[in-house]
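Asks: Here the protein sequences line up with chains Y and U, keeping their order. Okay, so the first sequence: first residue is 1 according to my numbering, each after it adds one. Okay, so the second sequence: first residue is 1001 according to my numbering, each after it adds one.
Rather than coming from a laboratory, the hints here were simulated on the basis of the structure. It cannot be assumed that every hint is accurate.
Which residues of chain Y face chain U? A partial, calculated answer using Cβ under 8 angstroms [to be verified]:
#1 12
#2 18
#3 21
#4 29
#5 107
#6 185
#7 250
#8 251
#9 265
#10 268
Label pairs and their in silico Cβ distance ranges [said to hold, decoys possible]:
#11 Y:190 - U:1216: 54 to 62 angstroms
#12 Y:111 - U:1266: 26 to 34 angstroms
#13 U:1127 - Y:247: 37 to 45 angstroms
#14 U:1334 - Y:111: 43 to 51 angstroms
Built from N, CA and C at the ideal position, the CB exists for glycine as well.
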Amino acid sequence: MGRYWRVFATFAVAGMVRDMTFRTNFLIACISSIAWVAMNLSFYVLVFSFTPELGLNTGWSREPFFVFVATGLIINSIVQTFFMPSAEEFSEMVRSGGLDAVLVQPLDAQFLITCHRVDYSSLANGMVGFLLLFWSLLSTKWTPTPVAFLLYPLFVISGVTILYSFIIGLAAATIFLGRNQSLYDFWFYITTFSRYPMEIYSGPWGTPLQTLCTFVLPILVVVNVPARLLARPFLMSDTNLAIWSLLAAGVSFIVSRRVFTHSIDRYRSASS
Amino acid sequence: MNASSRLPTVDRSLANDDVIQVSGLSKSYRVYDKPEGIAASISGLFRRKHRTVHALQNIDLSVKRGEFVALLGPNGAGKTTCLKLLSGIITPTSGEARVLGHVPWDRENAYRRRFSLVMGQRNQLWWDLPASESFKLHREIYRIDAGHFDRIRDELVDLLGVRSLLLQPVRDLSLGERMKLELVASLLHEPEVLFLDEPTLGLDVVAQHAVHGFLQHYQSARRVTVMLTTHYMKDVAALCQRVVVVMHGSILYDGSLAAFIDRYSTHKLVTLEMSNAPNPALLARWGSDVEVRGPEILVRVDRTQVASVLPELLEIPSIVDITVEDVPLEEIVASLFRSNDSGNSRTHDGAPA
């Protein structure tokens, strides 16, 4: 395991060297990323200038909702920094035959494929997320328990694991399809659902969607569970959701791992 | 499913020196026959026609420790497919193989630590970073002790004369410089088997010569087993004792380079240096393809006739000197490829979807 950490550290250092080499590109990426977050936050501030909370009696007033948004930013920032850049390259690696070089290395192919590129500019969103979380917790009337603070990182990791598993599953499809840019688009569409509290999915259309995105494609638990720990008092229904979140993370990871391994066995390599 | 689990267990009693043992190895691909035109493309959304390409067919091969083997064949013959199978990148359709006692497509780390694959047309070093950064990653992946790593790296960079390039981003290097650094990276973990897929592709003569010299020295010093695919016969002549010719996915010839030339070269090239203006018509009766080059005249003489022709030629008064050589290897190989090429580069079966 120590070797994997050392290899990952080498990837991380190389990513830093690369980003610092193209420093203007790095700064532009950071600024555009933060600007996107700022625009989103402005939009939410605008929404809360018209309504005290999202939905009637849902408990998602401005500060708790900003805890939710901050948690989403942190989780997405981790995924975008450490996994997404590599997964995005995977399609090209399969198409061009670059995957050959990975498969001859004496390390787990999934690790090498999904962790070889670190994009530090995406950490900017995470930092904004931490600041927003800090500000929201200071502003809200509710004080989370020490246990909630301890559990928060665990459920953030659980959420990251679910998103990582989705990325792996979709990336592995590249081997069968040859090219799968639309599947990455699909990933962005589906993760859009995770950006909002699950209470907004109600009614004749919303409830089935909520069930689908909680139990079939467990996207809704990614941000909802850790955010609920800090945003408001934890309910019994939240406990069940938390347990399901951990289970879903484990199952997603195992399934995605199997899909990936199966795909690699079917790899044809590109002609040279 | 790995082919290793589908197939009967192979004879594990590898002879001590047999590093690579291949038996009945085949690889087929199902490819989409894409017709031309918009209408055909739209109909292809619903119904597609596929065919099966047999990239390798029932290959048998064994390579001893320390051998330098050239895999020759025209484009699409199956050379690179063979290397990809032996390095575990792809799994075979049928057949068995063991390299250093391992089934390659099981992709055991214990095996992957013991070989290296260099592909001339693919870059394995980090593009935007100096090669030294890629070497550090290599050290971590292969768990090479820091002191030992420094010693090996220094030895390799000095042999190839690339020390001054270590801190330069790879994207700023020439193709030849990049290939030398690729070779350094591939040898840092001291592999016992080296698969080289067209390592001199696109290199100039000087860079080719440097790579030849290095590989020759390294292979003889370390007794590494090397399998090389190339289209440059200079690579083969400089490096390989043994030649395996692959055509249409099957082995056409497997033996020494000298025996290959003996078998497939039907003529010898006789060069006559003349004291006066050469007259090609004079020599036509002894051989074919008579060619005048300044004071010299070249004639192709049937191999079986050389012994009888030479005394007759020596009687021509204006001859100053005679040289007898083999026909260049490129010509022998090209002629062999042409004579065996039945129109398609690979055999295939039509198979509707």
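Asks: Have a go at the residue 251 of chain Y hint: is there a Cβ in chain U nearer than 8 angstroms to its own Cβ?
Replies: This hint is violated: residue 251 of chain Y lies away from chain U, its Cβ roughly 23 angstroms from the closest one there, beyond 8 angstroms.
Asks: For the hint on residue 18 of chain Y, just tell me whether its beta-carbon gets within less than 8 angstroms of chain U.
Replies: Hint holds; residue 18 of chain Y Cβ to chain U Cβ min 5 angstroms, cut 8 angstroms.
Asks: Under the criterion of a CB-CB separation shorter than 8 angstroms, is residue 268 of chain Y in contact with chain U as hinted?
Replies: 6 angstroms, holds
Asks: Classify the hint on residue 12 of chain Y as holds or violated, based on whether any CB of chain U lies nearer than 8 angstroms to its CB.
Replies: Since chain U brings no Cβ nearer than about 11 angstroms to residue 12 of chain Y, farther than 8 angstroms, the hint is violated.
Asks: Is the hinted range of 54 to 62 angstroms satisfied by the C-beta distance from residue 190 of chain Y to residue 1216 of chain U?
Replies: 56 angstroms, holds
Asks: Let me know if the C-beta of residue 21 of chain Y comes in closer than 8 angstroms to any C-beta of chain U, holds or violated.
Replies: Constraint on residue 21 of chain Y satisfied, holds at 6 angstroms.
Asks: The hint says 26 to 34 angstroms between residue 111 of chain Y and residue 1266 of chain U; measuring C-beta to C-beta, is that right?
Replies: 55 angstroms, violated
Asks: Let me know if the C-beta of residue 185 of chain Y comes in closer than 8 angstroms to any C-beta of chain U, holds or violated.
Replies: 19 angstroms, violated
Asks: Should the hint that residue 250 of chain Y touches chain U count as held when the rule is a Cβ pair under 8 angstroms?
Replies: With a minimum Cβ separation of about 25 angstroms from chain U (threshold 8 angstroms), the hint on residue 250 of chain Y is violated.
Asks: Under the criterion of a CB-CB separation shorter than 8 angstroms, is residue 107 of chain Y in contact with chain U as hinted?
Replies: This interface hint holds because 6 angstroms falls under the 8 angstroms limit.
Asks: Hint check: is the beta carbon of residue 29 of chain Y less than 8 angstroms from a beta carbon of chain U?
Replies: 15 angstroms, violated
Asks: How does the Cβ-Cβ distance of residue 1334 of chain U and residue 111 of chain Y compare with 43 to 51 angstroms: does it lie in that range?
Replies: With a Cβ separation near 46 angstroms, residue 1334 of chain U and residue 111 of chain Y satisfy 43 to 51 angstroms, so the hint holds.
Taken one by one, the earlier hints fail for this structure at numbers 1, 4, 6, 7, 8, 12, listed in ascending order.
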